[in-house]
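A.B. asks: First to last, the sequence lines map onto chains Z and A. By numbering that gives the first Met the number 0, the letter at position 224 of the first sequence is numbered 223, and the numbering carries on one by one without gaps. By numbering that gives the first Met the number 0, the letter at position 78 of the second sequence is numbered 77, and the numbering carries on one by one without gaps.
Don't take each hint at face value.
So the derived label-pair ranges between C-beta atoms look like this [what the hints assert, rightly or not]: (1) E217(A) <-> L107(Z): 18 to 26 angstroms; (2) T249(A) <-> P219(Z): 33 to 41 angstroms; (3) L107(Z) <-> A186(A): 44 to 52 angstroms.
FYI, nobody ran anything at the bench for these hints, they're computed from the structure. Source: prediction; values computed, not measured. All residues carry an ideal CB built from backbone N, CA and C; glycine is no exception.
Below, each chain spelled out in residue letters.
There are 2 protein chains.
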Amino acid sequence: MKPSGSLCVIGLGPGAAALMTGQAQEAVRRADVVIGYEGYLAWIADLVGDKECLALPLTQELTRAQLAVDRALDGQAVCVVSSGDAGIYGMASLVLEVIEQRQAAVLLTDVLVVPGVSAVNACASLLGAPLGHDFAVLSLSDLLTPWAVIEKRLAAAAEADFVMVLVNPKSARRHWQYARAQEIIAACRTPETPVGAVRNAYRPDQSVVITTVAWMGEAPVDMLTTVIVGNSQTRCFESRLITPRGYPMTASNDLA
Amino acid sequence: MKPSGSLCVIGLGPGAAALMTGQAQEAVRRADVVIGYEGYLAWIADLVGDKECLALPLTQELTRAQLAVDRALDGQAVCVVSSGDAGIYGMASLVLEVIEQRQAAVLLTDVLVVPGVSAVNACASLLGAPLGHDFAVLSLSDLLTPWAVIEKRLAAAAEADFVMVLVNPKSARRHWQYARAQEIIAACRTPETPVGAVRNAYRPDQSVVITTVAWMGEAPVDMLTTVIVGNSQTRCFESRLITPRGYPMTASNDLA
């Protein structure tokens with residue numbers, strides 16, 4: 000019998016090395032082979048060194064997951080790389096689906112999903128504290144999800160006053176979905192409700208825009224942007240968004 | 000004029016040092032004074048060394064935020080510590096609220112929120128990949144939020160088929176809220192829908208329980224537990240939850 004391999008699915012965080020966890024770094028160091036989108040592997044070139052590296056273009060997600068499972072079944076220590084958190088719209092679910100499809104449950108004891116700082120956490124931190132209370136995370140991409148499902152979720156989250164995190168708001172070929180999302184949100188929130196749009200968080204060309212529900216349609220938004228829409232309690236203080244948890248602010252400062 | 004201080008609000012991640020980011024570690028190293036809940040400061044005792052440390056008990060969140068702002072206004076480099084991600088039900092919003100209340104906007108250029116691995120990311124990773132698609136995060140604590148608001152959000156998220164992450168599901172004094180949440184969810188999901196309950200993720204007494212909507216009421220659940228309820232697509236494969244992103248699984252493995 001072949002020696003059993005292992006399979007780590009890691010998230011690199013938003014891109015800055017200082018926001019990668021130690022556990023994710025360790026998983027790369029221990030790997031025989033590192034598999035990921037070529038753009039993300041470039042972020043960790045130093046860490047990868049001269050290890051074998053399978054750098055595939057975008058859209059080849061299934062192929063990456065299949066290669067990872069094949070290599071692990073061959074006895075190698077495999078590390079699959081996502082940006083952000085591998086579990087949040089990342090490679091973790093696809094890798095597990097391939098293991099299921101291959102009936103390779105024997106691998107599972109050696110499969111590790113290493114959590115990371117997702118785009119949700121990263122973009123929120125640059126805006127201040129918009130996620131201080133309940134929030135919903137939605138992708139506006141209708142490539143893999145029917146638009147009717149997305150629209151239903153948009154309306155439900157808007158009506159129930161969740162802070163809303165919109166990922167994949169637009170792409171080169173998808174435009175109207177973001178405008179439609181704005182319409183749905185505007186039916187439930189005041190025009191002044193704060194909105195933040197963060198592009199390329201913690202990367203060299205980072206941009207942070209603070210706007211409102213009324214004007215969010217004018218913000219520069221693309222596949223690399225995450226948009227956070229405040230709830231009815233969110234306010235903008237100078238350049239930061241605050242969604243209060245609800246603590247009474249009147250208590251005395253008893254230790255000061 | 001006094002020299003300007005600085006204020007970092009960091010998240011430690013779930014507890015294991017290997018899941019803290021380098022940027023959060025650096026913020027502790029640079030601080031003159033570290034402020035936080037005494038339980039969390041114990042996790043980073045080595046990193047804190049002999050720095051001044053203001054370790055306060057739970058429930059003194061406002062006092063911690065006030066002390067932090069006072070010290071920063073006094074010219075110190077202050078580090079405020081949350082568990083998980085400081086922006087997600089953490090100290091970041093409260094610190095910004097105190098800065099606003101003190102009309103201390105001058106501090107803002109020196110305020111940094113450092114993102115971390117939240118309980119959401121951590122618990123999901125231990126369950127496999129339950130957050131592969133849209134999800135909603137809700138606290139079941141009605142200490143600071145009216146129950147009517149929480150119930151409305153529960154119903155909206157359940158009806159719109161979001162994966163649901165329930166934080167603070169129960170405490171020593173709050174019992175019925177979790178049972179009521181189960182009722183609301185059961186009205187919209189099949190009894191077999193997978194549910195995961197993770198307690199003390201990545202800490203010495205970690206427990207991971209996989210159950211279903213029908214049986215989630217029997218799972219051991221408290222303030223240290225995060226409960227993740229699958230959507231209509233989530234399935235349980237051996238000991239892992241998978242919420243598929245929706246990739247077609249039939250494409251050929253063209254590079255294998």
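A.B. asks: Hints the structure violates: just list their numbers, smallest first.
C.D. replies: Hint 3 contradicted; others consistent.
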